[in-house]
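Asker: Line by line, the protein sequences are chains A and G.
Take the first sequence: its position 186, counting from 1, is numbered 300 in my numbering, and each next residue is one higher.
Take the second sequence: its position 17, counting from 1, is numbered 49 in my numbering, and each next residue is one higher.
Here are the simulated PhoX-like cross-link-like pairs (lysine-lysine), alpha carbons at most 20 Å apart as the crow flies:
| hint | chain 1 | residue 1 | chain 2 | residue 2 |
| --- | --- | --- | --- | --- |
| 1 | G | K64 | G | K155 |
| 2 | A | K204 | G | K106 |
| 3 | A | K185 | A | K295 |
| 4 | A | K204 | G | K111 |
| 5 | A | K208 | G | K106 |
| 6 | G | K155 | G | K56 |
| 7 | A | K235 | A | K247 |
| 8 | G | K111 | A | K208 |
These are calculated hints, taken from the structure and not from any lab test.
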Amino acid sequence: MAFINYAAREINCKIVYYGPGLCGKTTNLQMIYQRTSPDARGKMISLATETERTLFFDFLPLALGDIRGFKTRFHLYTVPGQVFYDASRKLILKGVDGVVFVADSQEERLDANIESLENLKDNLEEQGYDLEKIPFVIQYNKRDLPNQSPLDELQELLNPDQVPEFEACALTGEGVFETLKAVAKQILIELKKGRR
Amino acid sequence: MLGYQSSLVMYDEEYQRIVEIADKLLRESNAKAVFLVDRNGQLIAATGETEHLDTTSLASLTAGNIAATGGLAKLIGEKEFSILFHEGEKDNIHISIVGGRVILVVIFDQRSSLGLVRLRVKKGSEDFDRTMEELDRKSAEEAGSGGPQNPFAEITDDDIDNLFR
Ligand SMILES: Nc1nc2c(ncn2[C@@H]2O[C@H](COP(=O)(O)OP(=O)(O)OP(=O)(O)O)[C@@H](O)[C@H]2O)c(=O)[nH]1
Ligand SMILES: [Mg+2]
Numbered sequence: 115m116a117f118i119n120y121a122a123r124e125i126n127c128k129i130v131y132y133g134p135g136l137c138g139k140t141t142n143l144q145m146i147y148q149r150t151s152p153d154a155r156g157k158m159i160s161l162a163t164e165t166e167r168t169l170f171f172d173f174l175p176l177a178l179g180d181i182r183g184f185k186t187r188f189h190l191y192t193v194p195g196q197v198f199y200d201a202s203r204k205l206i207l208k209g210v211d212g213v214v215f216v217a218d219s220q221e222e223r224l225d226a227n228i229e230s231l232e233n234l235k236d237n238l239e240e241q242g243y244d245l246e247k248i249p250f251v252i253q254y255n256k257r258d259l260p261n262q263s264p265l266d267e268l269q270e271l272l273n274p275d276q277v278p279e280f281e282a283c284a285l286t287g288e289g290v291f292e293t294l295k296a297v298a299k300q301i302l303i304e305l306k307k308g309r310r
Numbered sequence: 033m034l035g036y037q038s039s040l041v042m043y044d045e046e047y048q049r050i051v052e053i054a055d056k057l058l059r060e061s062n063a064k065a066v067f068l069v070d071r072n073g074q075l076i077a078a079t080g081e082t083e084h085l086d087t088t089s090l091a092s093l094t095a096g097n098i099a100a101t102g103g104l105a106k107l108i109g110e111k112e113f114s115i116l117f118h119e120g121e122k123d124n125i126h127i128s129i130v131g132g133r134v135i136l137v138v139i140f141d142q143r144s145s146l147g148l149v150r151l152r153v154k155k156g157s158e159d160f161d162r163t164m165e166e167l168d169r170k171s172a173e174e175a176g177s178g179g180p181q182n183p184f185a186e187i188t189d190d191d192i193d194n195l196f197r
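Using the sequences and the hints given, assemble the complete structure.
Answerer: Rendered as structure tokens:
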């Protein structure tokens with residue numbers, strides 16, 4: 115749910131990075147943080163376990179610029195991907211404006227991807243959202259690793275609706291901004307259509 | 033089922049009103065800072081000694097905190113915990129839910145007390161709630177009338193591309 119502030123001439127939108135454990139959600143945000151100029155980003159907050167697994171969420175606020183005199187801010191969140199953190203994932207989806215699904219391209223993670231995507235649909239539905247109707251993009255991450263699922267298999271299983279999709283290597287930043295930009299664009303187009 | 037949900041909208045008049053109420057609460061409770069945050073973690077207004085505080089992070093973590101304790105409440109059969117209080121060595125933080133949808137945060141030290149903050153928060157909450165209701169009415173009207181100024185009605189692909197330069 116975007117927050118349009120006419121008083122401050124600001125608009126705030128919430129983007130959630132979703133996907134199975136270790137697929138690279140946190141790495142996406144870290145890369146965005148590193149490659150954004152300090153005046154366009156806030157502090158990145160990571161609520162993580164001692165082993166760097168996301169425990170509750172990562173949070174990164176971005177203020178990329180103005181559109182029509184309105185400062186356009188995006189609040190990026192990641193969910194914890196580990197299966198047993200489902201209660202936390204539901205909380206983080208509240209008020210979401212757009213979702214990035216980060217898939218792990220490694221063959222042995224194919225089932226985990228499918229399961230996580232189903233989980234995303236269920237959790238959105240529980241809150242009255244329909245994945246097909248909200249801004250949504252898919253990122254196939256870890257394209258640098260040797261044991262890949264072929265791209266067409268991933269597409270068929272994870273992206274039957276053919277939403278915008280990107281190959282990425284979050285570790286080097288490849289595909290990271292393309293993904294963010296695509297979801298941000300969809301959100302702004304939704305805003306353009308107006309509130310319901 | 034909903035696709036895109038309606039947005040929270042803030043107008044000048046209500047914003048001024050909210051800041052006034054927050055200022056008043058700040059004074060009367062001898063607090064250091066007062067914040068109003070939306071349940072999704074977006075800062076609505078801040079007043080007091082905020083210059084050394086990361087207000088964006090504070091808003092996001094407060095909302096996360098309320099969301100997590102709300103989840104806990106449900107697990108034990110409560111609707112929600114409408115007040116949270118964290119006591120520090122010097123500073124304390126009082127968090128409460130206003131009208132079910134916005135979060136009021138008061139930061140205070142030994143110049144105030146929990147009792148005083150509680151008392152003033154109660155009064156301030158009613159004022160905030162009234163203003164938020166006014167805001168709802170107004171944005172419903174504007175949406176109904178087609179909305180005089182959707183600032184994004186005219187955006188182009190170029191506008192969007194420019195953001196990512
Ligand atoms: N080779 C390779 N490794 C990656 C890539 N992206 C992330 N990683 C690594 O994968 C591991 C997990 O990455 P995270 O970003 O923490 O994964 P996550 O999705 O946030 O995991 P959870 O917080 O448990 O849900 C880290 O060791 C990353 O360095 C990639 O594109 N290629
Ligand atoms: Mg993580």
